[in-house]
Each structure stands twice: as C-alpha cells, then as structure tokens.
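So the sequences go chain by chain: F and S.
So the first sequence is residues 1 to 242, counted in the working numbering.
So the second sequence is residues 1 to 443, counted in the working numbering.
It should be emphasised that the hints constitute simulated quantities derived from the structure, not laboratory data.
Be aware that one or more of the hints could be misleading.
[What the hints assert, rightly or not] Within a straight-line C-alpha distance of at most 27 Å, the following computed BS3-like cross-link-like pairs (lysine-lysine) qualify:
#1 Lys63/F to Lys132/S
#2 Lys209/F to Lys372/S
#3 Lys222/F to Lys132/S
#4 Lys132/S to Lys186/F
#5 Lys38/S to Lys53/F
#6 Lys221/F to Lys132/S
#7 Lys222/F to Lys372/S
Since this is a predicted model, take the numbers as computed values, not measurements.
The lines below spell out each chain.
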Amino acid sequence: MKIPLIAIAVLLAVSPAAALDGVDILKKVDANLQPESFESYRKLINVEPNGAKREYLLWTLKKGDDKIASLFLAPASEKGRGTLRLGDNMWLYIPTVGKPIRITSLQSVVGGVFNNADIMQLDYHVEYDVRAVEEQGGEYFLDLKAKSTAVAYDQLKMWVDRKRLLPIRIECYAATGLLIKTLYFKEPKAFDDGRVRPSILETDSPLYKGYRSFMVYARIKKRVVPDEVFTLDFLPRLETMR
Amino acid sequence: MNVALGAAVTLLLWALLAPAAAAGAQSTNDIRLEDIEKEIARTVERPYSLGGFLELQPTLFGFDRDAAFHRLRFLDGDEGATAAQYDLKLRLEGSYRKGIFSLFGRADALTTQGDLDSESRINLLEGFASLKPTPGLAVDVGEKVVKWGKGYAWNPVAFVDRPKNPEDPELALEGFYVVAAQAIRSFGGPLKTVAFTAVGVPVDTDVNEELGEADHLNLAAKLYLLLFDTDLDAMLFTGGSRTTRFGFDFARNITPNFEVHGEWALITDFEQRPVDERGRPVLRVADVMSYLVGLRYLTERETTFIAEYYRNGTGFTGAQMEDFFRFVETSDATFRSTGNPTGIRRAITLAEGAYGRPNPLRSYLYLRASQKEPFDILYFTPALTSIVNVVDGSFVVIPELTYSPRTNLELRLRGAALVGEDRTEYGEKQTDYRLELRVRYYF
Chain F
1 MKIPLIAIAV LLAVSPAAAL DGVDILKKVD ANLQPESFES YRKLINVEPN GAKREYLLWT
61 LKKGDDKIAS LFLAPASEKG RGTLRLGDNM WLYIPTVGKP IRITSLQSVV GGVFNNADIM
121 QLDYHVEYDV RAVEEQGGEY FLDLKAKSTA VAYDQLKMWV DRKRLLPIRI ECYAATGLLI
181 KTLYFKEPKA FDDGRVRPSI LETDSPLYKG YRSFMVYARI KKRVVPDEVF TLDFLPRLET
241 MR
Chain S
1 MNVALGAAVT LLLWALLAPA AAAGAQSTND IRLEDIEKEI ARTVERPYSL GGFLELQPTL
61 FGFDRDAAFH RLRFLDGDEG ATAAQYDLKL RLEGSYRKGI FSLFGRADAL TTQGDLDSES
121 RINLLEGFAS LKPTPGLAVD VGEKVVKWGK GYAWNPVAFV DRPKNPEDPE LALEGFYVVA
181 AQAIRSFGGP LKTVAFTAVG VPVDTDVNEE LGEADHLNLA AKLYLLLFDT DLDAMLFTGG
241 SRTTRFGFDF ARNITPNFEV HGEWALITDF EQRPVDERGR PVLRVADVMS YLVGLRYLTE
301 RETTFIAEYY RNGTGFTGAQ MEDFFRFVET SDATFRSTGN PTGIRRAITL AEGAYGRPNP
361 LRSYLYLRAS QKEPFDILYF TPALTSIVNV VDGSFVVIPE LTYSPRTNLE LRLRGAALVG
421 EDRTEYGEKQ TDYRLELRVR YYF
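If we strip away everything but chain F, and leave its shape as in the complex, we get:
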C-alpha cells in the first residue's frame, strides 16, 4: 500500500502542474520587481527615430496593491504635474488647470511609447490571471490574461529569468491580438534595500516605428505613507511628501 502512495507523490512532484505554479511565479516576480510599498525616482526618456530625446524626471509613491501617485520634477514645462491611480481610477493634476481630471490607462501623459498604465503600473498579479505557464530553457513563459476590461492590455506574454525570477521581456497585446508594445527589462542593479532589480525598462512598439522609450529607475526605497496621500484632494500637495 505504501508503494502506490509514494509513486503518486513522486508523480505529482514531477508533473508540470505541480512544479509550475504560475500565480506563485507571478507574485514572486512582482515582489522582486518592487516592494509592496515604496518611493522611487525614475527618468523617462523618449527617443525619436532621428535620435532627438525628451526626458522626464518622476518621483513616485506606491502603497499596497492599488495605490500609486507620481509627481513630475522635470522638465520645467511638466513640473508640478501629478498623477494618481486608485485601482482602475486614474487622474491627472495640472497645477494651472482646475481639479484633477480623470484620464485613461491607454493615454500617455508624456507622449512617446509609454502610456499611463506603464507609468502607473500596479503589480501584475493584481491585474492579470495566469492562463498558462511553461519552462523554456532558462526561462519561464507566462501567458497572462487581464482580469477585467479596465486593464490597459488584454493579454501579456511574459518571459521570466528562472534563476532570479525577474522578467526579461513582456509582449503586450490588445484584445484583437494586435501587438501594442514590447517591454525589455535590463541592467539589473542592487537598490537601497539590497534587492537586485532591473534598473532600465526599454520599450518599442510596431505602432511607433523607430521610436523607443526608456524608464530608468534610479532609486527604489521602501516607504509606507498614510492612505490619505493617495487621494484627489491631496494630489496638489504631493510635493510636500518628498
């Protein structure tokens, strides 16, 4: 009687379904990419086909699964602009304009290939279900499907470094199957909490031929701030939290 039980246990242990828990992998990827609550400084660089560049410096606060707020520090034309995301709700605050206005995930507050969903990215496991997972050499391949139509990309194909459990490349698709963009995670480095993470996120898109955008993480530091910081009325005061 003991032999069949051991055999079943061994079979379960080596079967792909038991060995590969896609949700677990995705959660680990999220945890390795960024702490649950943190502040960061990022530089966005849009590069045009002729080599001309446009750079933006952002300071960002994130808390938990669904709260993220960003403030533009440079260039001068964008300075003071703030963005807030609470779950599926997104707002843009422009200091001279009235109250913060609701914006959508597919728009881009900076132009270029990155859109608002990329700039205010929540954890992947919050927005996506794992449809399939498989091993491909030294990588995991995850096929992800958006949990709701409010998510910017309907489907993601994610290749993950098996050893570090960090994404290498993500292809983002519309519901029609159209490839919207590809994200490349590069230049891993140790951040303030000692964790090694990609410091550069590069993207290109068949919809913007010849254009590329980079998101460079200069600092990521664990920080927990009160929930009230992530509110519409606080957005004009976000600078005071730096």
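Dock chain S against the given chain F, drawing on the hints supplied.
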C-alpha cells in the same frame, strides 16, 4: 513694441532652427545612472523651487464694424478693419517648504503693446501659506484658487472661484483671499475617500470685492466622496455677500476610455436686472438652477472628444438679449444724430457688467476634438473647438495647432471665427475673427 517683436522673432528662429537634440542612436549604454542621481539629489536637497515661463503672443483681430459690442467699444471713432496686439508675459511660480509649513506664490508680469492698447501690469494670481500637520489635515491662508467642479469649460458649482474663459479653459485663474481647512480620510471598501473642505471668504471694499456685498465673512464648504469609483462632491456657499447657493457634482469612468461628469447648482434669491429695449431695468428675484453634463471619450486612434452642455440659470433669455441689442442700436443712432451720449453710456455700463461677460445667455454646447501626435509627429496636437449658443444659434469655431519642438518650448497657433446673425451673441461681438500665435518657453 520693438522689444516684443524682437523677442518674438528671436524665440521663433531659435525654436525652429536650433537642433532639437544631439542626434545619435540611444542605447542603454548611453544612460548614465550617476548623472540621474545627481539630478535627483539637486531636486531633493532644495527646500525651495522657482520656475515659470516667458510667453509672447501676437494677435490679429478682425473687427465686425456693425456689431453692437464694436459700436460700444469704439464709440469715439473707427479704428479700422483689423488691429494687432503683442502680449509679453513673464509667469513666476515659487514655493518654499520647512517641516509642516510651506509657502506658494504665482504671479504674472504682463505688458501689452498694440494698435488699440498699451499697458503693463503685475498680477498676483495666488499667494498663500499652508500648514500640513498630517497628510489628512491642512490649512491654507492667503490668495488661492479653490478649484471646485468637474466641468472642462464651465463650472457652475465653483462658488469661490472666478469664472474660466471657456474659449481657453486651461488658463491659470486669479484666486480669492481665503482661509481654507481640509480634512481627508481614506477607507477600504466601496467608500475609498472622504474629504471635507471649509473655506472662510471675507469680502471688504478692498478684499474679494468682486464676490459681492462688502463687510461680510462668508462660508463655503465641500464634502467629497470617492464612492463606487465615482467622484462625488456636495457644496454650499452662504454669507451676506451673495445669496446662499448649493451645489453637487460627479465624475466617473464608464469604461477606461469614456468618462462622464456633471454639475448642478441652485442659487437662491438670484437677482437679475435685464433691460427692455429702451434700457429700463426690470428687477427679477428667483431661485435659479444651473447645470452641466459632459463626457470625455478617447478613441483607439487617440482622438479625444469632449462634449458639454451648460444650462446657465443666471443667464439672459434670447428675448432679453435682443432687447439689449435693440437698446444699443437706438442709443447709438441717437448719439450719432443728436450727440446725446446718455443712452450709449448706459449701454457701455451694461456691457461692462452681466451683458458683456463670457456666455451671458442660458444654453451652451461645448465641443472639442483633439488628435494626439497624428502622422507620428511626436508632441504635436491639432484640435478643433466650438462653443454653440443653443438659444440663438450663433457660435465660435476655434482651430488650434500645438507643437513642442524641443523640451520646454511650446508653440500654439490658434484661430477663432465668430459666426452669427444680427442680435445674436457671437454675431454682435466686436470681432469677426482672431488669429494668435503663442510662443511659450518654460524655465
């Protein structure tokens, strides 16, 4: 004038001829983290910030010499079919922070030179001190724009703000002197945020006199909820300077690319003094409602549509406005035939008040379509805007091209064509068309 023109030409040449950036393919090897670190350190270490922009705007006005407002404006003589104006503006914004205390200021230095007017002035738009003991509690004292309402072109619930210019609603406004306290609480569940704002608004002969009767301390309050992913606000204004008014607004995304919003305001005991065709005022006192419903829709091709309907309960009816125009016509005819200026002077006074404010009638439509970066031209946005007076069928059409050829430089070319029959709002404005170029450099 020469200085302004010289500055304009210099800025334009620099904008158009200077290379946008060092050309060359960017790779991750070109990104120097230490340079970014230095830039961050500079922003973190400073407790103060100073910035703003320099703006030059030449404008060409094409006059409608038969229009009522043209007759009132140029009573003493015909200034010709067109006029040019050059505006040079320096905007300065600064802030300072120390612990829970902060200061903020925004001011314009503006000089206007042109065929009609020449003037220079300095405007303090905002200047206030803030205390923020916790993120959930803040007190502001000073001149401040309170910014209530969800509408893009109009805000009937903005009880303590100056009205926006609906033809250019993103222009910075001048604030009122207020004491404002705000408390915010966040929650889990469907009710995510509750925020309460109380505003004390004094009105004296020298302070906030535009808000109404002097020697009163008025109180305004707003309760904000983020409930079931919907922004909800309820407002109140009460005091001796203006009659009591109540407001409500909402905004919600129906889908990620489709937003709806609305505002409703009840103004109690609103006094209106429309004139008949002989210029005699009739006092009417009534509770009036103003409201606005609007939407913002983003297509897959990144065209943004904004549409708003505005019902202005404080506005004039079409018949009342026609009576005013008839009064201008008869007063003008009397002045020209007899030299008696009594009637036309009274018409000028009326035009400087309620009859001359932007959108003085009851019903309006605002429509705007803008296309982000067409033909793969980054930082270029063409747009077409129209404001339609639903009461009399007159309208303005505003085509616009905005382009940022390099970091911190923005060019905006804009036209406006005003279309309407006699005795209609846009038909009786002093201009038939307007053409303007705005060159703005941020620093």
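Hint-by-hint comparison with the structure:
Taking the CA atoms of Lys63/F and Lys132/S, the gap is about 21 Å. The hint holds against a cut of 27 Å. For a cut-off of 27 Å, the pair hint linking Lys209/F to Lys372/S stands: about 16 Å separates their Cα positions. Among the hinted pairs, Lys222/F with Lys132/S is consistent with the structure: their alpha-carbon atoms are about 23 Å apart, no more than 27 Å. For a cut-off of 27 Å, the pair hint linking Lys132/S to Lys186/F is broken: about 40 Å separates their Cα positions.
Restraint check: the Cα-Cα separation between Lys38/S and Lys53/F comes to about 19 Å, which is no more than 27 Å; the hinted pair holds. For the suggested pair Lys221/F and Lys132/S, the alpha carbons sit about 24 Å apart, so the restraint of at most 27 Å is met. For the hint pairing Lys222/F with Lys372/S, the CA-to-CA distance comes to about 36 Å; that exceeds 27 Å, so the pair is violated.
Violated hints, listed in ascending order, are 4, 7; each of the other numbered hints is respected by the structure.
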